[in-house]
Structure formats: structure tokens, C-alpha cells
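All chains should be modelled from the sequences, with the hints used to inform the complete structure.
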Amino acid sequence: MIGIFLTGAFIISGLLIFNRNIFVNYALLVIFIAFFSVFGFFEFHHINVTELEFFKPDALGILLLTVLCVISIPVIFHGYRYIEIHNVDETPKSRGLFFGAMVLLISACSVVYLSGHIAVTWIFIEITTLSASALIYHHRNLRALEGVWKYVFICAISITFVYIGILFLSLSLKDAGIEDMSFDSLYANADKLNPFWLKLAFLFIFTGFTAKLGLVPMYTAGIDAKDKAPAPAGALLASVLMNAGFVSIYRMYAVLARTPLHHWANTVMIIAAILSIFVAAVYMTRIKNIKRMFAYSGIEHMGLVILGLSAGGIGVYAAILHIILHTLIKPTLFLQFNQVYWVYQSKSIYDVGNYFKYNKAGAIVIFLGFISATAMPPSGMFISEFLIFQSLFEAHYILILLAVLVLLTMIIWGFGSNIFKLLFTPPLSIDETKIPHISSWESLSQYLLLGLAVYLAYDPPAQFVTLLQDAAKLIL
Amino acid sequence: MTDILLIALAMSLLYISIANRLFTYLNILVFQGFILFGVTFLTLTKISTINLMLIMLETIVFKAVAVPWFINYVIKRNGITREAEPYLPNFVSLIIVTFITVATIILSSSIKDPNLDKTFFVVALSTIFTGLYLIVTRKKIITHVIGYIIIENGVFVLSLAVGNEMPMLVNLGIMLDIFASVLILGVFFNRIGDLLKDPDIDHLRNLKD
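As they're listed, the protein sequences go chains A and S.
Letter by letter, the first sequence follows residues 20 to 495 in my numbering.
Letter by letter, the second sequence follows residues 622 to 830 in my numbering.
Keep in mind that the hints were calculated from the coordinates and are not lab data.
Computed footprint of chain S on chain A; a stretch qualifies when at least three of its residues, placed anywhere within it, have a C-beta under 8 Å from a C-beta of chain S:
{"id": "1", "stretch": "143-151"}
{"id": "2", "stretch": "165-173"}
{"id": "3", "stretch": "182-191"}
C-beta atoms are modelled at their ideal positions from N, C-alpha and C, and glycine is treated no differently.
Listed below in C-alpha cells is the structure:
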């Protein structure tokens with residue numbers, strides 16, 4: 020089925036890029052959504068069945084794929100709205116490229132989730148870079164060019180790092196006398212791998228994939244990318260693409276968790292995670308660009324996820340829950356930002372304000388999104404973040420826990436002061452006659468996503484919990 | 622013979638650290654492409670002939686001819702000035718690149734692993750780090766691209782060290798080469814030339830917080 024899906028997705032993407040007719044274009048998108056949902060449904064019922072030698076949908080892959088199926092529908096719908104509303108400089112060509120790249124990005128991410136081989140993961144991560152760069156460069160101006168240039172260059176370097184890591188991994192395999200680099204074979208032979216090369220391999224692979232996951236040291240490219248990409252594309256970059264980085268790191272970490280290097284790997288990841296939260300805290304207290312603020316909030320959450328992972332115990336479960344809830348919540352903010360931009364035509368916090376007056380439904384989404392993203396109850400992320408703190412406490416990382424709590428307080432303050440300015444303070448100068456009327460229906464998808472996040476955290480279906488536990492078992 | 626070629630590759634790094642003109646950089650890229658062609662031929666003795674031909678074709682066509690030619694075309698088309706414009710004096714660069722090479726030799730001598738071919742390891746690592754150093758210390762975007770291609774050459778040498786056992790990895794490296802070079806050079810550098818007449822990283826400093 021993965022073969023059929025990939026072929027179909029490539030064909031649809033190609034047709035989208037070359038087609039100029041608007042009705043064919045939207046028909047193709049509907050076909051893709053249907054096709055993708057069928058694919059997700061099929062894989063959900065074929066868990067742990069190896070396909071085409073290199074793909075094995077494990078519990079984590081299935082979870083993330085299902086969430087991606089859920090996210091892709093509103094994102095493509097709002098992509099369509101974005102193209103409709105912004106049609107001053109839209110041409111059939113740019114529209115086709117936008118949707119073609121979006122389809123390619125979604126497909127490449129889903130294949131990364133299901134990949135059971137590190138080389139296959141690597142190849143499809145390359146394809147995500149390619150398709151993401153087409154999305155970032157959608158508005159052909161100098162700023163977008165700068166964003167895409169930085170993104171492509173840093174991703175190229177990080178992909179090279181991952182490749183070097185894979186080479187070192189192959190050196191560490193020589194000792195064990197195996198040649199199969201699939202994750203299953205690595206898990207089975209983990210104790211036979213040469214520890215020195217394995218360490219180097221992990222360092223390089225981890226560093227390389229941080230460009231996608233959004234952690235120190237390679238997070239910078241992602242921030243510019245999410246800022247410059249159109250908001251629906253930013254929603255994808257800020258959620259599902261980060262998940263692609265997460266599964267890659269998670270599976271590599273699972274190999275090290277089976278060796279005596281487990282503790283060392285934890286230390287490396289904790290350093291990266293703390294620095295990420297620190298960077299997010301520093302920027303979020305002084306940031307004036309709303310979209311970049313959302314992007315930095317993603318960096319903070321990825322830091323927390325990696326902290327949970329390295330704390331072990333309940334933390335692994337919490338980390339996976341956290342990343343799933345984050346995938347549902349972060350796109351709502353980006354999708355709602357689209358409407359904020361229609362109202363104010365600006366991303367700067369100095370130009371916005373009193374959003375409640377201009378778009379009530381949207382303002383409530385922003386408010387709920389803020390509560391969700393800062394993990395205040397009743398947000399779903401409150402549960403996962405609380406469990407992560409509990410795991411840190413149980414692992415006796417008290418100082419780290421304290422530092423993280425202080426940094427999180429700073430983040431909430433910075434995030435809150437900007438969001439409340441956007442919602443309540445009247446803007447300095449605004450021409451109210453030019454503000455378009457925005458229908459409440461535009462915010463419906465965001466309410467559904469936020470509601471789903473609350474539901475999954477407080478009253479999780481039994482199957483969801485089983486999948487989460489299976490996914491966490493990879494580490495334990 | 623392989624050792625001689627690899628050492629020549631390492632020496633080309635010293636030369637590139639003091640090179641002043643962009644065309645010297647391009648000549649060195651061509652030179653490195655030919656060296657990699659020779660090393661591939663001498664090292665990969667155990668893989669299938671078709672695969673070997675594919676890899677050698679890539680080194681000669683892609684690394685030695687197409688990429689330098691295309692960079693040359695971009696330089697001419699955009700009228701980029703021929704100076705490399707380093708931030709640091711050439712003498713300091715020479716010292717630093719020498720230091721990088723010495724440091725990798727010391728590092729590799731501390732590794733006790735019979736599976737590792739030290740020459741490959743030292744040359745590959747020093748090429749990778751020199752490439753990174755070039756990216757950090759040169760001002761033009763085109764020299765960043767050249768630095769990235771040098772990193773790729775180093776990675777290619779590293780992949781040759783394990784190439785006999787795992788030819789798949791060398792093929793992956795080729796994919797990386799083609800993918801990244803086409804993406805960076807073909808798609809975007811052309812665009813940068815359209816929007817910026819003198820492509821210099823100072824123009825790309827607007828995105829910040």
C-alpha cells in the first residue's frame with residue numbers, strides 16, 4: 020500500500036504542478052485527501068506489517084500518521100482559502116506549485132513516519148526539504164528568498180551531518196558483523212555495536228535532525244521558514260514536519276537506549292533541550308513578530324518533549340502524548356493567524372490590537388490557543404507537561420526541573436503579554452473601513468482541533484492509550 | 622597510490638585556504654573531482670561493475686565538470702566580482718587549515734579500530750572541517766556554496782572508506798550530491814542572481830527578531 024500511495028501522491032503532486040485549470044486543481048486536492056485518508060485507515064489496520072522491505076508502520080508511526088491525516092484536511096482547506104483571498108498576485112502557476120508542494124510535503128512526512136530503515140528516513144527527509152522550500156518561496160520577494168536560502172542551506176548541511184552519522188553507524192556495524200541497517204536489526208544487535216562509532220553516529224544524526232525537529236543547534240532555519248511561508252504551510256512546518264524530525268531522532272535514540280550509552284545519550288539530549296527552552300524564553304520575552312513567536316513556542320515544546328524522553332519512565336509516554344497534542348494545537352494558531360493578517364495586514368505586534376472587536380470567533384480561538392499552547396488547564400498539554408515534570412522529578416533532575424519552570428514562566432509572560440495586546444488593547448492607528456468582514460465559519464476547524472486535543476488528553480480512547488504505550492515500549 | 626591521491630586532496634585544501642580569486646576555487650573543485658574519480662576507481666574493487674561505472678561517472682561528470690561549470694556560468698551571468706573576500710587574512714586561514722589537518726591526524730591516531738582506514742578518515746574529516754571553515758569566513762554567497770561542495774567531497778571520501786561493504790551508502794552519497802547541488806545551485810542561486818545584483822550575504826540580513 021505504501022508503494023501505491025507514494026506513486027499516487029507523486030502523480031497527484033505532478034499533475035497539480037503542471038495543471039492550470041482551477042477546477043481540476045481542487046478536484047485533485049479532494050482526491051488526494053480521500054486517497055490519503057484511505058491510506059491512513061489501511062495502515063492503521065496493518066500495524067507492524069513490514070512493507071516493501073524498508074517500511075514498517077510501528078505504533079508511533081501510526082499515531083503520527085493518523086494525526087497528520089486529521090491535520091491535512093483543515094490545512095488544505097485553509098490553503099485554498101489563502102489562495103482565494105490573496106489572489107492579487109496569485110497565478111495558476113503559483114497556485115499549482117503551492118498545492119503540489121503541499122501534497123508532496125504531506126506524503127513525504129507520512130513516509131518518514133512509517134520508514135523502518137535509516138537510509139529511507141534520510142531520503143524522505145530530503146524530499147521534505149525540497150517541498151518545504153517551494154512553500155516558503157511562495158511569495159517571490161526578497162524576504163522570502165532570504166528565508167528559503169537560509170532554510171535550504173542549513174537543511175543541506177544538516178542532511179550532510181545525518182549522512183556522516185549514517186556512515187559512522189555503518190562503521191559501528193562492522194564490529195557486530197551485520198550489514199542490515201534497518202531499525203529492527205539495529206535494535207536486535209544494539210549491544211554488539213561498537214560504542215565509539217555509535218556515539219559519533221548519534222551525535223551527528225541528532226545534530227542533523229534537529230534542523231527538522233527545531234532544537235538547538237539547528238533550529239534557526241525553521242524559524243525563518245515558518246515566518247516566511249504562507250500561514251497554512253507554516254502550520255504544516257510547525258507541526259508535522261517537526262514530528263518527522265522527532266520520529267527519526269526517537270528511533271535512533273531507541274537504539275542507544277539498548278546499550279550502555281543510554282545515560283550519555285540522555286545527557287546530550289538534555290543539554291540540547293535546556294538550551295532550546297532557554298533560547299525560546301529569551302526570544303519570546305522580546306519578540307514583536309507574532310508568527311515568529313508561534314514558531315519559538317514550537318522550539319520550547321520540542322525542548323520539553325526531548326526532556327521527557329531523556330528523563331525516561333513515564334516521561335517517554337508523556338513526550339509522545341505531548342508531541343501529538345502539539346501537532347493538533349500549533350496549527351490552530353497558524354491557521355488563525357491567517358485571519359489576523361487579513362484584518363491588520365501586518366505581523367508586527369505594534370500594528371495589531373482589539374481583535375475581539377473585529378473577529379469574535381477568531382479572537383476566542385487565539386485565546387484558547389494561547390491557553391492550550393502554554394499548557395494551562397483545561398489544555399490537553401497540561402496533562403502531558405505535568406507528566407514530563409513528574410518524570411523529571413522521579414529521575415532526580417530537580418535543578419533542571421526548577422530551571423525549566425522558571426524559563427516556562429518567562430515564556431508564558433512573554434507569550435501572554437503579546438497575545439493580550441493582540442486581543443484587547445486598541446491598535447494605535449487603524450482604518451476601520453478597510454477591515455474585511457470575516458465569517459465565523461473560518462474558525463470552525465480550529466475549534467474542532469482544539470477540542471480534539473482536550474478530548475485526547477482527558478478522556479483518551481482505549482486504543483489511543485494502547486498505541487501510546489506500544490510506542491513508548493520502544494525505549495523501555 | 623590511493624594514499625598519494627588522498628594526500629593531494631588534503632594539499633588542495635591548503636591551497637584553497639590562501640586562494641584569492643573565485644576561479645582558483647573552481648579549478649580546485651575540478652581538481653578534487655578528478656582526484657575523487659581516481660580514488661573511486663582504486664578503492665571500490667569489490668562492487669559490481671555497473672555500480673562502479675555509475676559512481677565514477679558521477680564524480681567525473683558531476684563533481685569535476687558540471688558543478689564548476691555551472692558556478693562559473695552563475696559568476697559570469699551575475700557579474701560577481703572575482704575576489705573571494707575573506708574576513709580573515711590568507712595567512713591566518715592557512716594556519717587554521719593546517720591546524721585542522723593536524724588536529725584530525727591526532728584525533729584519528731587516538732582511535733584504535735582495525736576496521737578504520739586512517740588516511741581516508743583524516744582526509745575526509747579535514748576536508749569537511751575546511752569546508753565549514755570556508756563557509757564561516759567568506760563573505761560571498763557563492764563561496765558558501767563552494768564551501769558546501771567541499772564538505773560534500775569530504776563526505777564522499779568518508780563514504781568510500783566503507784564503500785566496499787556497503788555500496789548502498791556510496792549511492793546515497795551520490796544522491797545527496799545531486800540533490801543538494803541541484804537544489805542549492807540550480808533553483809535558488811539562479812533566483813538570487815535575479816533579485817540581487819551583487820549577491821553578498823549582507824543583503825540577506827533582514828530576517829531577525
